[in-house]
Amino acid sequence: DAMVIQNPRYQVTQFGKPVTLSCSQTLNHNVMYWYQQKSSQAPKLLFHYYDKDFNNEADTPDNFQSRRPNTSFCFLDIRSPGLGDAAMYLCATSRDRFGNEQFFGPGTRLTVL
Amino acid sequence: GENVEQHPSTLSVQEGDSAVIKCTYSDSASNYFPWYKQELGKGPQLIIDIRSNVGEKKDQRIAVTLNKTAKHFSLHITETQPEDSAVYFCAASIRNTGNQFYFGTGTSLTVIP
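Chains as they are written, first to last, in my numbering: chain A, 1 to 113; chain B, 1001 to 1113.
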């Protein structure tokens, strides 16, 4: 089945130790999104790629970076995780940028010790 | 930018009863309104969506209504079942702004057997 896959599902890192989260998709969608979701809150958009065009949200901390080496893969890099970065990180895709369903992956739960 | 409000934040219903969740939005340029269901530890899954040129859409036990004049839309679940228990998020997307979703704050629905 076509889907959005996130690895790992659970990630534990230490305060200040860089971490990379991975997302892949078999939907061949042009747009990929990264969201941060804290407990009992709505997903918060960090950034998105339209093809290779990177779009950062104004309030996304510089500590968060992203790479999209090809259509299928997108990575979230957290350069120096703080305790406040512990959250669920969701990857999503959509066919285009004009009002369409976003398909979400299962998420990666990040713990910062 | 768009602001989406969602009510109630928690909702408990008896199995077989109906559940209604309401959202309001602020930007009249919003034209796509999806509803997502999120189970514990999982990514959000689309359950139904509606576009601004339609007033109502139904899919089995789930329906969504949209009132563009009043800028509100509602999710209706009939004949609720325990497996409907989850957090539900509404969202709005403004045309031609990159398919960014503005999420409501979520409703935790509990269906009591």
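These are computed hints drawn from the structure, not numbers from a lab. Be a bit skeptical, because a hint or two may be false.
Chain A stretches covered by chain B per the calculated footprint, using a threshold of three residues with CB under 8 Å from any CB of chain B [to be verified]:
| hint | segment |
| --- | --- |
| 1 | 42–52 |
| 2 | 66–78 |
| 3 | 102–113 |
For glycine and all other residues, C-beta sits at the position ideal for the given N, C-alpha and C.
Item to complete: Please write out, lowest number first, the hints stated earlier that are contradicted by the structure.
Response: The structure conflicts with hint 2 only, although it agrees with all the remaining ones.
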